[in-house]
Every structure is written in C-alpha cells, then in structure tokens.
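Residue numbers (full-length UniProt numbering), protein chains in the order written: chain A, 1 to 430; chain B, 1 to 256.
Keep in mind the hints are simulated off the structure, nothing from the lab. Note that the coordinates shown come from a computational prediction; the quantities given were computed from them, not determined experimentally. Quick reminder that beta carbons are idealized off the backbone N, C-alpha and C, glycines included. Please note that the accuracy of each hint is not assured.
Said to hold, decoys possible - Computed spacing ranges between beta-carbons, pair by pair: (1) A:321 / B:200: 39 to 49 Å; (2) B:227 / A:257: 49 to 59 Å; (3) A:10 / B:49: 50 to 60 Å; (4) B:191 / A:410: 52 to 62 Å; (5) A:14 / B:129: 44 to 54 Å; (6) A:181 / B:76: 33 to 43 Å; (7) A:14 / B:247: 31 to 41 Å; (8) B:240 / A:257: 53 to 63 Å; (9) B:227 / A:321: 28 to 38 Å; (10) A:321 / B:252: 33 to 43 Å; (11) A:198 / B:81: 33 to 43 Å; (12) B:200 / A:257: 44 to 54 Å.
So you can see what is in the structure, the chains are spelled out below.
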Amino acid sequence: MSDTHAHSVSYVRDTMLPQSEPPAAQTGAIKWMRESLFSSVPYTILTLLALYVVYSLLAGFLPWLLGGVWTTANIRECREVLEGASGGCFSVLTERWNQLLFGIAYPQDGYWRPTLAFALLFVAAAPVLFSHLPRGLLVVTGLYPFIAFWLIWGGTIAVPVMALIGVVGGYLVYSRLVANSFAAGFFGGILAALLIWFIGGYITAPLEGVLALEAVASRNMGGFMLNMILGVVCVSLSLPLGIALALGRQSSLPIIKLICVVFIEFIRGVPLITLLFVANVVLAYFLPPGTNFDLILRVIIMITMFAAAYIAEVIRGGLAALPRGQYEAADSLGLDYAQAMRLIILPQALKISIPGIVNVAVGLFKDTTLVSIISMFDLVGMIRGPILASTDWNGVYWELWGFAALLFFVVCYGISQYSQWLERKLQTGH
Amino acid sequence: MAENTKLKEVSDKVAVSIQNMNKWYGTFHVLRDIDLTVYQGERIVIAGPSGSGKSTLIRCINALEEHQQGRIEVDGTVLSSDLKNIDKIRSEVGMCFQHFNLFPHLTILENCTLAPIWVRKTPKKEAEELAMHFLKKVKIPDQADKYPGQLSGGQQQRVAIARSLCMRPRIMLFDEPTSALDPEMIKEVLDTMVELAEEGMTMLCVTHEMGFARQVANRVIFMDEGQIVEQNEPEEFFNNPQSPRTKLFLSQILGH
Chain A
1 MSDTHAHSVS YVRDTMLPQS EPPAAQTGAI KWMRESLFSS VPYTILTLLA LYVVYSLLAG
61 FLPWLLGGVW TTANIRECRE VLEGASGGCF SVLTERWNQL LFGIAYPQDG YWRPTLAFAL
121 LFVAAAPVLF SHLPRGLLVV TGLYPFIAFW LIWGGTIAVP VMALIGVVGG YLVYSRLVAN
181 SFAAGFFGGI LAALLIWFIG GYITAPLEGV LALEAVASRN MGGFMLNMIL GVVCVSLSLP
241 LGIALALGRQ SSLPIIKLIC VVFIEFIRGV PLITLLFVAN VVLAYFLPPG TNFDLILRVI
301 IMITMFAAAY IAEVIRGGLA ALPRGQYEAA DSLGLDYAQA MRLIILPQAL KISIPGIVNV
361 AVGLFKDTTL VSIISMFDLV GMIRGPILAS TDWNGVYWEL WGFAALLFFV VCYGISQYSQ
421 WLERKLQTGH
Chain B
1 MAENTKLKEV SDKVAVSIQN MNKWYGTFHV LRDIDLTVYQ GERIVIAGPS GSGKSTLIRC
61 INALEEHQQG RIEVDGTVLS SDLKNIDKIR SEVGMCFQHF NLFPHLTILE NCTLAPIWVR
121 KTPKKEAEEL AMHFLKKVKI PDQADKYPGQ LSGGQQQRVA IARSLCMRPR IMLFDEPTSA
181 LDPEMIKEVL DTMVELAEEG MTMLCVTHEM GFARQVANRV IFMDEGQIVE QNEPEEFFNN
241 PQSPRTKLFL SQILGH
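Start from the sequences and build out the full structure, keeping to the hints where you can.
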C-alpha cells in the first residue's frame, strides 16, 4: 500500500452499529392495491378484465345456487316451482341424501352405525396425526379397526374380538422371538396370529347371537361411505406396506430386493382399473370353488398394492435424498439396522416424502370412485346408476356431480392442509 | 516397521492392532499392507495428501468401510463380518465426521441421549444427566434444547464430540473434524480435542492441523498412495523428516 493512498484506505471503526428497525413499513390496503393491482397501465387493464370475468361467472352461478329448490320430490315438480327461472334442483340431494351417503341396500335403521364409525374415526386418527395429544389415546386407534368393522358390517362382536386376540397373540409371539432374530419373530408372529384365527373360527361360530348387530353384506355397502371405507383402509395399509417395499428395494439381501423390485415395477406398470377387474372377475377363477372371498376385501387388497407401489417409490426418493453421513453416524454409534431405520433414517426420509405421499393418498382417495366401473355403488356409482337412471331425477347433472365434487374436495383439501401444517411443524432448521 | 520404544510408555495395552490390511475399491488398491498398533492412551495424527487413504484407514477401524484382507483387532475384539461383533466394536469406538452428521430432526440433547438409551439401554433420566455432563464439558449446555440447524458449525462439531463421548468410548476417531469449519471456529473444536487428549483418551485423528499434531500427538503418521510412508514423534517428524515424499508434503503445507 503506497503512502499516497493511506488517507483514503485506512479506516478503523470505533463504534459498532446497533441493530435498527427497518424503514417504517408502508402498509395499508390502498398502498397494496396500487402496487399489486394497478401498478401500470397493462396491469390495470388486466385487473379490470379479471374483475369482469369473475363478475360474469358469479352472476351466472350465484342465482343458480341461491335460487335453488330443496324440497320437491322429483325433477318435474322442481321445474314447475322454478318456472323457467335460474336455479338448481338441489332437492335431489335432500331426497336421495341417505342413498348418496350409504347406498341403496344398507338397512335404514342402521344408518347410525357407519355415522358413529365415521365420528370415531376422528378420535382414532387424532393421536396419529397430532403428536402432542396424550399417547394413551393410541389405545383407541388400535381398537378402532375392530370397532369400526363391527359397527359397519354388524354380526356378533365375537368375530372382531377374536381378530383382535389374534393380532395381540401374534404381537406377543413376535416380541418374544424378535430378540433372537427378526425373521423368527416375524414369521412366528404371523403363524401365531393365523393359528388363533383358525381356532377362533370354531369358537365364534356358535356365538352368533352374542352382542350382534344386524349383519350387512359387503355387496350392500355403497355411497360415500364405501369411498370412505376404501380410502381410509387403503391409505392406512399402503403406507406401512410402501415403507417396507422401499426399504426392501434398498436391501442388500438380493432375494428380498428382487421381490420388491418386481412387485413395484409390475404393479406400477398396470392400470388400476385392470387390477380392479382382476379383483372382481378373474380372481374367482384362481380361488378354490365355493370360497366366498369378500369383494370389498379383494378391492382393498388391489388398491392397497397399487398405492403401496407408488408410495414405495416416493419414500425411496426420500431415502436417497438423505446424506450418506446420516447412515454412517447411526452406524458409528452402534445402532442396529432396525434402530437406525426407525430412529434416524425413516423420520427424516418420511418428512422429505410428505408431499409425495399426500399426492398418492389424495389420488388414491379419488381413485376409489373407479369401483363404480366394476358395478359397486359408491358415490359415483350411485349417481350414475340408481339416481340418474330413475325417472324422478333423470337430467339433474350439475347438482349431483357438483355435490360429489364438493365432498371429495373437502376431504382432499383437508388432507392437503394437514400435510402442510405437518411440514411446517417438522421444520427444525433456522 | 520398528516401534519407537518411547511411545510404548503410554500403556502396554493394545487398543487397536491392524495387521497386513489391504482394501480395494473395485480394482483400485486404496490401502496397501497397513500395519499399525495403537496403544491405549496414544494420540495419533494421520496426515497425508488427499486420496492417500487416511480417512479410509480410520473408517475401517469401526467397519464403516470393509477391508478385504488382513486382520483388525479393536479393544480385544477381532473385526469380522458378524453384525453383533461390528455393533459391539462401534459402541466402543466414537467417531467424529468432517460434516458433523448430527441428526437434524432431534434436539441437541436427543442427539446425545439416543445411542445410550437404545444401544446401552441406559434409563432416559440417567442418559440425560450424562448428556448434560458432556455438553457442559464441550461448553454448550445452554443449547441442549435447540436443533442442530440452529447452531454454528463449531458448536455442531462440539455436539458431535459430546454425542460420541456419551457412549463412553475407549477410542475416538476424528475424520478431518475441522476441515469444514470457518477459521474462527476451528480453535474451539481443537481446544475440546486437546482437553480430551489431556484426559488420556486414545485418539486417532485425520487432520491437517499441524499445530494440534505438535501439541498433543505422540505419534504422527504420514500416508501416501494407500501406504504408511513415515511415522515418528511430532518433533522428529516435523524437524527431521526422512522420506522425500514427507519432505515435499511438509514443505507444501508449512511453506505458505
């Protein structure tokens, strides 16, 4: 540094600057409108154009919605009441409300059963979805599948109780054997559960009348209830199966890896609707004659496998996104494979995968309407079949499909909002 | 390789013994005929150019890398492919990584208590007391409830050291613990390591911090091309290097 520059270059700060407030925020609605709606001539034109489009849409829609008729018995009465004025025939919703929700054949005095099961679903799901709730509530979650089955399908309570005993027995055997080897625990547990169910079949047969609700056959399930059953069961089964498949695909054991890769690639490469046709028709050829393999169960298996294959790939993405160092740190602390996966790898991989998993879950829930093609009367099946085909309501399209869309939207938007909340909650960075 | 008799005074007990160890990545011969005996209480600094296999060497000691030939014995247990054996060795050997590798979804305290609770089956309360003890030791007890993402690099590395110490390891491995740190933070990590060394912990450090080597090491090992080229006490190693490769290396890292 030459002396001539010494004056201008050398500088010593003697006081450090304290933090100061940002310039007084320029807030207010008018300020906002000027900046984001009318900042220039083209923007102003676009804003006015958009306002006009919104106005004309609402001008058509609102009178139809607000001027709708809710109390007539059929479409002809509805049109008479309207006298050519704009308005929706929403009376189809009130008149066919129970059919839309529960299908045609569900016993009318039993509507409280699926409704109660639906209400309990929130109690059962709460401790899983919100980790700050007391852990004791998980008991409800564990019992819920058995209670819900009993409520919806009816029959003696002995059957779900025996199923529960089988699960508990299987778990006990698993926890005893798992210390020796995971394989022994896994297969031992499954064997024990199967054995209990097999023996239980003989025990529950004579107990037919014990605490029995009127039994409802699977073919009598319908309406939005069927979509909810398929959606909830398949989402909750496909997530653990998807995790297992994703881990299996990463496994260093070649046979497990091969099975998982083949399963994922095959199921993913086939349209869901073909799987449903297989469930409906073809599976009957492979089963021994005379076996009555429940149709809903077959459909649940197919949708679950389909969704699990997708979820497995989503989670594999999450696993791949984790830095190698996380695996190494877990290893270097002496954690075994199961501990490392459960405590370190999966919590992070699943967090990364949340948007993808929700994507699959939302898609799966909407795909449950495909069962209407294999002549099951879910919400879409009900609308397409019994309701629109009846002379009473032939021609009421907007109201029915709008209602179906609204129901699905509410559920899917709820799932989406929950997942965004969960992502924010799991954010642990700055 | 003749063992320097003075180094043996640390202890007669062998902590790590590596005999004729060879390792390949595919066909690339990354470690060649490694013979190394580490005595309890010894502090060894491993230096060398990048790609010389020094990180791979210490990663073989806790089986993060698999060796194909030779014998590694850690604290009396021979490393084999038996998983239980490997987990046992890993719980006796602590390791610090260049990029800390803290678990970002757990708090600092949970990072430290995880392994004691799940591997050592320590009761939670006891594990937390232990963790706070070591967090105090590395001088960040007040950060216990934060997440790793909220800490500076130097603090994270000190947490990583505390996390390893919570397992009460008999041997500590350091894989370039200061290479990813800002200059201001290197000192706080090195101070922690010096303190650990003064307490008699057996340490193997891969590092370029030659000041640290002079201060605490009782042996410096120089590696190149997958081989141990030279090893000596720090004074001799720095003032009187024998091999031309060592001389070149030292002139390059100390010259500027």
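Verification of the hints:
1. A:321 / B:200: 39 to 49 Å: 41 Å, holds
2. B:227 / A:257: 49 to 59 Å: Taking Cβ atoms as reference, residue 227 of chain B and residue 257 of chain A lie about 37 Å apart, which means the hint is violated.
3. A:10 / B:49: 50 to 60 Å: 40 Å, violated
4. B:191 / A:410: 52 to 62 Å: 59 Å, holds
5. A:14 / B:129: 44 to 54 Å: 47 Å Cβ-Cβ, so the 44 to 54 Å window holds.
6. A:181 / B:76: 33 to 43 Å: Given a distance of about 26 Å, which is not inside 33 to 43 Å, the answer is violated.
7. A:14 / B:247: 31 to 41 Å: For residue 14 of chain A and residue 247 of chain B the Cβ distance comes to about 48 Å; the hint is violated.
8. B:240 / A:257: 53 to 63 Å: Between residue 240 of chain B and residue 257 of chain A, where Cβ atoms are some 55 Å apart, the hint holds.
9. B:227 / A:321: 28 to 38 Å: 37 Å, holds
10. A:321 / B:252: 33 to 43 Å: At roughly 37 Å between Cβ atoms, residue 252 of chain B and residue 321 of chain A fall inside 33 to 43 Å, so the hint holds.
11. A:198 / B:81: 33 to 43 Å: 40 Å Cβ-Cβ, so the 33 to 43 Å window holds.
12. B:200 / A:257: 44 to 54 Å: Distance hint for residue 200 of chain B, residue 257 of chain A holds at roughly 46 Å.
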